[in-house]
Amino acid sequence: MLKKNRKISVAESIREGLIMSMKKDKNVILIGLGVDDPKGIFGTTKKIDKIFLKKKRVFDFPTAENTMTGIAIGSALSGVRPVIVHQRVEFSLLSLEQIINQAAKWYFMSGGKKSVPLVIRLIIGRGWGQGPQHSQSLETLFAHIPGLKVVCISNPKNAKGILISSIEDKNPVIIFEHRWLHEVKDFVPKKYYKTKLGKAEIIKKGKHITLISSSYMTMECLRCAEILKKYSIQVEIVDLQSLRPLDIKTIMKSVRKTKKTLVVDNGGMMYGISSEIISKIHENLNPREKSKFLIKRIGLSDNPIPSTRSLAKYCYPTYDDLVDKVNKMLKTKLKIKNKLLTKNIATDQPNLNFTGPF
Amino acid sequence: MLKKNRKISVAESIREGLIMSMKKDKNVILIGLGVDDPKGIFGTTKKIDKIFLKKKRVFDFPTAENTMTGIAIGSALSGVRPVIVHQRVEFSLLSLEQIINQAAKWYFMSGGKKSVPLVIRLIIGRGWGQGPQHSQSLETLFAHIPGLKVVCISNPKNAKGILISSIEDKNPVIIFEHRWLHEVKDFVPKKYYKTKLGKAEIIKKGKHITLISSSYMTMECLRCAEILKKYSIQVEIVDLQSLRPLDIKTIMKSVRKTKKTLVVDNGGMMYGISSEIISKIHENLNPREKSKFLIKRIGLSDNPIPSTRSLAKYCYPTYDDLVDKVNKMLKTKLKIKNKLLTKNIATDQPNLNFTGPF
Amino acid sequence: MKIKKKNKIKLYYEMLRIREIEKTIAEKYNEWEMRCPVHLSIGQEAVAVGVCQNLKKNDEIVTAHRCHAHYLAKGGSLKSMISELYGKETGCAKGLGGSMHLIDLRAGVSAAVPIVGSTIPIGTGIAWANKIKKSGKIVAIFFGDGATEEGVFFESLDFAALHRLPVLFVCENNEYSVYSHISKRQSKKRNITSISESLGVKSLKLNGNSIEEVFLKSKDIINKMRKDSKPYLIELKTFRAVEHCGPNNDDNLNYRTKNYLNYWEQKCPISNYEKFLKRNKLLSNYQLLKIKENIKKQISSAFDFAKKSKFPKKKLLKKYIYA
Amino acid sequence: MKIKKKNKIKLYYEMLRIREIEKTIAEKYNEWEMRCPVHLSIGQEAVAVGVCQNLKKNDEIVTAHRCHAHYLAKGGSLKSMISELYGKETGCAKGLGGSMHLIDLRAGVSAAVPIVGSTIPIGTGIAWANKIKKSGKIVAIFFGDGATEEGVFFESLDFAALHRLPVLFVCENNEYSVYSHISKRQSKKRNITSISESLGVKSLKLNGNSIEEVFLKSKDIINKMRKDSKPYLIELKTFRAVEHCGPNNDDNLNYRTKNYLNYWEQKCPISNYEKFLKRNKLLSNYQLLKIKENIKKQISSAFDFAKKSKFPKKKLLKKYIYA
Ligand SMILES: Cc1ncc(C[n+]2csc(CCOP(=O)(O)OP(=O)(O)O)c2C)c(N)n1
Ligand SMILES: Cc1ncc(C[n+]2csc(CCOP(=O)(O)OP(=O)(O)O)c2C)c(N)n1
Ligand SMILES: [Mg+2]
Ligand SMILES: [Mg+2]
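Chains as they are written, first to last, in the working numbering: chain A, 1 to 358; chain B, 1001 to 1358; chain C, 2001 to 2323; chain D, 3001 to 3323.
The following block holds chain A by itself, in its conformation from the complex (with noise of 0.2 Å):
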């Protein structure tokens, strides 16, 4: 296996995984505002149109997001399995009567003859100063509606395995991809695989403490992890990959383990991600575990995002915050010179090499 691993970015990942997908089957379509422009979403679709020259399979699509996933809805219910992506999640807004009440109630209220089929790929933006109407999260828009598959990629091995199985899958399935993942790099297999939809992962095993996050998130779990290694802390990751269904058996796998728990918040936590989950383990502790356990949560603030950056920086923990939750919750009362880790990165962009403009 190792010498078919090669480090690529997470849009890289997406990528192959496309790639593999509309080779294995042919009848599946990428669908999207730009899939086939010089930028191709952030390079994860890039010259996917001149690969498949033959018979076309790569629409740009008119600026009419409700008529596309209506359309997308129609042609998978005749055979073809479409994967849509916004460059927003904002701009899906104007496509959820198509997708709450058609794609994911289709095969219900069908009475089980027709199952939609469908992919819809949801990019979260931040940072660059995009201000409000680019960089919610929205997710439990979307996981609270039963029919739907909710799952999202954190990393450059489950952003392939995560989009191929959606795809294989005969549901409607949402991914959540964020934009400040695409760059990071990571071995990712060469092979066609799956990540089976509804798993949590412990991507990271430690005892002393659990971690509870999705999406970008974990990305700032994993160096909140790797500084407090250096203290002796040792910390556990469950990356979600799935907020529907959810891997609750994964969880409360941890949270036992640990006894201590911080569920991090990819979005605002009023009616979020963290809610389902605090609420789950609650129903799941029996009355002597509850009084022992710790559970906290941390995530966005409650506002909408601004776009100066002096603001913006407020809204979104990083890894320094998590590292001061975990040493208030843990009571270990470090000196942590949290800095370790960044490269003076501003905090408005993703990587280095990034200078904006989106």
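What the hints contain is simulated information worked out from the structure, not anything from laboratory work.
Any given hint could be a false lead.
What the hints assert, rightly or not - Result set (DSS-like, lysine-lysine): computed pairs, CA atoms no more than 30 Å apart in a straight line: (1) Lys-313/A x Lys-1054/B; (2) Lys-230/A x Lys-196/A; (3) Lys-2189/C x Lys-1054/B; (4) Lys-2188/C x Lys-3224/D; (5) Lys-114/A x Lys-2184/C; (6) Lys-3134/D x Lys-1113/B; (7) Lys-2184/C x Lys-1023/B; (8) Lys-1313/B x Lys-2313/C.
If you're wondering where the values come from, they're calculated on a predicted model, not measured in any experiment.
Keeping the supplied structure of chain A fixed, place chains B, C and D with the ligands upon it in accordance with the hints.
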């Protein structure tokens, strides 16, 4: 005061609130499909157009929900106070882009220059075989968004008060109105009065257990309490009234008083109202309390609502189910003839007079 | 083009059958056993029949809340439909959908949903798949005048024109959206066929109450579509004879004037065609009797079937959430 | 109609001012102090100026992501705009909005938002309020060719026609939506002005790079609107000279052909008008020098102001969530 009360229905109470608001502030207008038709939105807007004949203030609308919302936002920016009504919450999904990206954030993204005083009444359908697309709840889709206020009517008295407060509010307010409450009657003051937004209300005092709920489910809680009273069980009921902001103070007061709490969700529980309530309670209890307090939830089953009444009845918890659950939580092992209250109303009818269709 | 006698009778029969079925639904609705909203097509049968008679079995249709006529005209199973209205497990959607979610894949009835306008892009997507897969099938999308106010209507025509999709947009203009007359909702200068043309979709206005006009003109268009694989739109003026939703007449509400009602009553597509056929000796009283008997038998056996069928079992509730 | 010499100079001055401001933004963008996406209007100035010169101060405009030119042409404060781009508390939205959320209520710049099409209904709603309140104001809504693909575009025209609202829809057709040419998105038979007419809104195609044509024709229309209070649409062909988003030229990406670029470069509204004015002795070199000096001074003082301004304090984050 008593003299000035009379028993009227929720629908009449809403209508009265609308008329009074329109008389008080000539900028208030009413918008929606069918607001001026013979049925007048289940009676809530009936003949209001006739009352305000001189200057047109009641506007039927083309079937164009997204633009309707944008137009209302625009008019609100220019001093009009629009009240929109959708006969089913599902239709409003077409307008979530305008509600979430625009209305909710306008005050923020204009740097405080303009807010959007807009009221959107969303009616939750239920029963008479309306099926998957006319019977969702979906409160948390809105309650998750900072910048919105989200409130729920649960009885004739707060119907008028909440409506008047919402219209006077300078922000976008989403009012949830359950179809099965429209015909429910009770005393309502004749005067112009407000029900403070953001406050929960303890609508029944009791010492053995707290039920926390909202919207129609509060009715079922009341019925449950009525039954249990005969068995000397005193139920306290917290009617949330507001989902955003959430009145955690009132919630915690009751939770601490009875030490046993059942959260009754008006919708699906996954990433639902109950998720946030339970998380907030959890965050507010200290470890000692956690082991002693019993906190549970109940809500709609996690699936689309079928048309056939033979299955729809399994989706909604009734007061029977609440009684059972309380019985279990209190370990009272009462043998209760729940039938006490049911006047043989079918499970798909809000009341005896109702014989469909909507 | 001329219509053969046999086909004329068939057109009449199909319309009458739909009418009689819906009349029976209306009659029996008050037994409170069909406990779901019903939007009857009484008065509008010529559109459904005239168009669908030109479609092949594996051509597809999608429709909206007012879907009974389209479902039946396309050949959807009567028994499954009535059972669906009764909420039984033998229903076309196993009782999960109700009257507004009729479906019969074998007959090419691909979808009906009650969110106004929402099947327009879905139908367009089916047509797109047909084009991609070169299936040669035609899709007809039925919708009302109200649905043409939804953004998805325009967006879908746009897409169909851009990709030259074999889809027929059928706008059944009964001038009302619930109680609202079209003049309250659309500018007098608005014109549905011009809209269509301006977006790049050829279109035609038809008399929706003349079965022969609907049949012949849509035959023309559908024949063209089979060759050139291009989208078309037809707008058919017609009249809804009973209330928007439910089994009754609601003329007492006076939202439609006496004049208006009188005008349209004289335009009933079925009684006029019956007169025409009789006048031209194409239909004898005896034949008519036979037809009516036949229809009656179908209806009563469908209702018997539905009534005798079982309600779905509890486990069905969780069976079809995920495939 | 004739344009007075004074007004001709004014038209030229306004265009040049916008061009120079945006060129300075482009220059300074690489200092990485304006850290927000910018969509420059370089090449499209004639539309903004030609229309806005006919609007009164209390008339209103709404616009979209590409809003600098409209904001400036309508009289929005330059200092507040540049400060907004720098994310400072002196910005027109206190730094909360950034380049895509310009607003200046005193100048009648009511809104800009970057969700394509979304300000079209909002602007229509402002016009509706104006009609209800009999304010006599006109609203102009600026949007691109891409925005005409959104359902809200149609729905808003529909509503404006139905209620006869005093709103001017201004479609700036630069043939591109990001990298996508219009032919990839819209049928060749699609026609924006015909769409408008079919919905009941009168409309006109204009050369968006001819400042005098834009000015005179929109003057005509706006004068009519002040009398008859009806909606109009104008479609103006024009050309975006730099990349969709950001400060650079992106011709190296080859999504627009050399021919296309050459063709449009010769149509630059500013250099052509400058030549015209000079040729006709309406503008001397000395005058031009003075104008440029004046503009330069405004710009450098605005950038100084922005740079010297403070970032907003933390408490601002929670100040404007609820009014
Ligand atoms: C998006 C949406 N808005 C509103 C409704 C409520 N509604 C149900 S049927 C109907 C009338 C639609 O009129 P039309 O399209 O002309 O069809 P008709 O009933 O005349 O056949 C309306 C407004 C709905 N179902 N969906
Ligand atoms: C609803 C929505 N979809 C997609 C986008 C991404 N987007 C930003 S600008 C733009 C181009 C719009 O083209 P056009 O309206 O012609 O304006 P132009 O950029 O040419 O001025 C697109 C698609 C968006 N902001 N909003
Ligand atoms: Mg109609
Ligand atoms: Mg453009």
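Cross-check of the supplied hints:
1. Of the supplied pair hints, the one linking Lys-313/A and Lys-1054/B is violated, its CA atoms being roughly 53 Å apart against a limit of 30 Å.
2. At roughly 33 Å between alpha-carbon atoms, Lys-230/A and Lys-196/A are farther apart than 30 Å, so this suggested pair is violated.
3. Among the hinted pairs, Lys-2189/C with Lys-1054/B is consistent with the structure: their alpha-carbon atoms are about 26 Å apart, no more than 30 Å.
4. With a CA separation close to 20 Å, the supplied pair Lys-2188/C and Lys-3224/D stays within the 30 Å bound.
5. The suggested pairing of Lys-114/A with Lys-2184/C is violated, with an alpha-carbon distance near 38 Å, which exceeds 30 Å.
6. Between Lys-3134/D and Lys-1113/B, the direct Cα distance comes to roughly 23 Å. Compliance with the 30 Å bound is thereby established for this hinted pair.
7. Restraint check: the Cα-Cα separation between Lys-2184/C and Lys-1023/B comes to about 25 Å, which is no more than 30 Å; the hinted pair holds.
8. Restraint check for Lys-1313/B and Lys-2313/C: the C-alpha separation of about 12 Å stays at or below 30 Å, so the hint holds.
Against the hints set out earlier in the document, violations occur for numbers 1, 2 and 5.
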